[in-house]
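Quick note, the sequences are listed as chains S and R, same order. Every position in the first sequence, counted from 1, becomes a number in our numbering once 667 is added. Every position in the second sequence, counted from 1, becomes a number in our numbering once 21 is added.
Quick caveat, the hints were computed from the structure, so don't treat them as lab data. Be careful, since some hints might not be right.
Residues from chain R shown here face chain S by an in silico Cβ test under 8 angstroms; the list is partial [said to hold, decoys possible]:
no. : residue
1   : 33
2   : 37
3   : 62
4   : 67
5   : 70
6   : 88
7   : 114
8   : 123
9   : 127
10  : 148
11  : 149
12  : 152
13  : 155
Here are a few chain S residues that sit away from chain R, every Cβ distance over 10 angstroms (derived from the structure) [stated by the list, open to error]:
no. : residue
14  : 698
15  : 737
16  : 740
17  : 764
18  : 797
19  : 799
20  : 805
21  : 842
22  : 885
23  : 907
24  : 924
In this text, a Cβ means the ideal position worked out from N, Cα and C, and glycines have one as well.
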Amino acid sequence: MSELAFFLGCIIPNRMPEIEKAARLSAERLGITLSDMGGASCCPAPGVMKSFDQTLWLKLAARNLSIAEAMGCDIVTLCNGCYGTLKDASMELREDPALCASVCEALRPKGYDLAVVPDVYHFVEYLYHTYGVDALRERVTTPLSYKVAVHYGCHLLKPTKYRQGASSERPTFFDELVEVTGATSIPYAEKASCCGAGGGVRSGLKDISLAMAQKKVDSIKGADCIVTPCPFCHMQLEQVADIPVLHYVQLLALSLGVQPGEMGLEVLP
Amino acid sequence: MKCGTCSGSCPSGRVVAFRTRALVEARATGTIDYDDPSLWYCTTCYTCMERCPRSIDITDEILHIREEAYRLGKVLEPHKAVLTYIWKTGHAVPINDAVREKRVRLGLSEEPPTTHRHADALAVVRALMEEEGVTNE
Ligand code: SF4
Chain S
668 MSELAFFLGC IIPNRMPEIE KAARLSAERL GITLSDMGGA SCCPAPGVMK SFDQTLWLKL
728 AARNLSIAEA MGCDIVTLCN GCYGTLKDAS MELREDPALC ASVCEALRPK GYDLAVVPDV
788 YHFVEYLYHT YGVDALRERV TTPLSYKVAV HYGCHLLKPT KYRQGASSER PTFFDELVEV
848 TGATSIPYAE KASCCGAGGG VRSGLKDISL AMAQKKVDSI KGADCIVTPC PFCHMQLEQV
908 ADIPVLHYVQ LLALSLGVQP GEMGLEVLP
Chain R
22 MKCGTCSGSC PSGRVVAFRT RALVEARATG TIDYDDPSLW YCTTCYTCME RCPRSIDITD
82 EILHIREEAY RLGKVLEPHK AVLTYIWKTG HAVPINDAVR EKRVRLGLSE EPPTTHRHAD
142 ALAVVRALME EEGVTNE
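Generate coordinates for the entire structure from the input sequences, incorporating the hints supplied.
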């Protein structure tokens, strides 16, 4: 049984707790222990904090990483934004020992340390690379028949200098994870396009942001739903789509036999 | 740096007049207009950076330009509000009563096990912000 430090972020616990519930129920059925990270904060939000002050961005991220280190666990998250921040920060700290030392110096008097930088996974990356698609397939009890428009989101894949995948242009791993549930991933023209929410554009310049989402969603034909690995992409696409949007863990939970009502899933594809 | 791959890849550039190449060039020549709202059009999708044939870290460049804008006090109001939320609660998106109720209905803890439940952790977040001179007060 593997134990992981469960990084919640902001949007999931504070706006979309049904995704948190679906993740906890799915993990239980998969034999994965998600342990809470007491006192974790915002990752911090890459769009705003990384645009304003990168030293502070790194220190706040390092404090979150340090909570997992103290637990002796690697980190798993359900949000591309949190993943982007924590993964990029962990890689920067590993690549630059002097930088890591100066960050630790700021953290230590406050009761945090980072002698070892934990590994950071997006939950879907963990499922694919560590848990394994075949092991996952064995746990599916309720195969689904949805046609799914798969949206990866940018920060799951990029920057590739800090990601497992060699190229971000034609990934397939997330489609495979979607299809393990019995669903079919259907092609669409703007599959690789950004949802438009990131970089502070959604909070700062909503019209421009939604125009990007609209372009993307308009190219989806014949899907029953959109599936994303990110609550921020989720909120964004939901605002312009006329089909339901699900987080991957919600789709997965359904295929593992979780009842929609158990996880507060109100709109089914 | 004239090929234009970056501008052609940009999702923002498809919906609004935003030319990635012009922005990166303006930084190189010291002619950035920090009042230009297009500094904030980039979604940080990293497509340009991945495709740049000269391996220029374009998205990172844009983030540095924004840092400079922040230091000059030229930021968008909604972004300042995000900073205030982090200062007050540790979260860019804090919880509210409707979500507390929803959490309870789902059988989750009313408050998540984050800075929302750990005042000592929030104090450390604030101390780190203060040390960087980012208090938003
Ligand atoms: S990272 Fe920014 S500038 Fe580059 S393509 Fe994406 S939105 Fe455009």
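Do the hints match the structure? See the list:
1. 33: Given a least distance of 7 angstroms, the restraint on residue 33 (chain R) holds.
2. 37: Holds - the Cβ of residue 37 (chain R) comes within 8 angstroms of chain S, reaching about 5 angstroms at its closest.
3. 62: Result: holds, 6 angstroms to nearest chain S Cβ.
4. 67: holds (4 angstroms)
5. 70: The hint holds - residue 70 (chain R) has a Cβ within 8 angstroms of chain S, the shortest such distance being about 6 angstroms.
6. 88: Interface hint status for residue 88 (chain R): holds (6 angstroms vs cutoff 8 angstroms).
7. 114: holds (4 angstroms)
8. 123: For residue 123 (chain R), the interface hint holds, since the closest Cβ of chain S sits about 6 angstroms away, which is under 8 angstroms.
9. 127: Since the shortest Cβ distance to chain S is 5 angstroms, the answer is holds.
10. 148: holds (6 angstroms)
11. 149: Hint on residue 149 (chain R): holds, closest Cβ of chain S at ~5 angstroms, below 8 angstroms.
12. 152: Because about 7 angstroms separates residue 152 (chain R) from the closest Cβ in chain S, which is inside the 8 angstroms limit, the hint holds.
13. 155: For residue 155 (chain R), the interface hint holds, since the closest Cβ of chain S sits about 6 angstroms away, which is under 8 angstroms.
14. 698: At roughly 20 angstroms from the nearest Cβ of chain R, residue 698 (chain S) sits farther out than 10 angstroms, so the non-interface label holds.
15. 737: holds (12 angstroms)
16. 740: Label holds. Min Cβ-Cβ 14 angstroms, cutoff 10 angstroms.
17. 764: For residue 764 (chain S), whose nearest Cβ neighbour in chain R is about 21 angstroms away, the distance exceeds 10 angstroms, so it holds.
18. 797: The assertion about residue 797 (chain S) holds, with a minimum of 24 angstroms to chain R.
19. 799: holds (28 angstroms)
20. 805: It holds; residue 805 (chain S) is separated from chain R by about 27 angstroms at its closest Cβ, greater than 10 angstroms.
21. 842: Correct as stated: the minimum Cβ-Cβ distance to chain R is 19 angstroms, above 10 angstroms.
22. 885: holds (12 angstroms)
23. 907: Per Cβ check, residue 907 (chain S) is outside 10 angstroms of chain R; nearest 13 angstroms; holds.
24. 924: For residue 924 (chain S), whose nearest Cβ neighbour in chain R is about 17 angstroms away, the distance exceeds 10 angstroms, so it holds.
Comparing the model with each numbered hint stated earlier shows that all of them hold.
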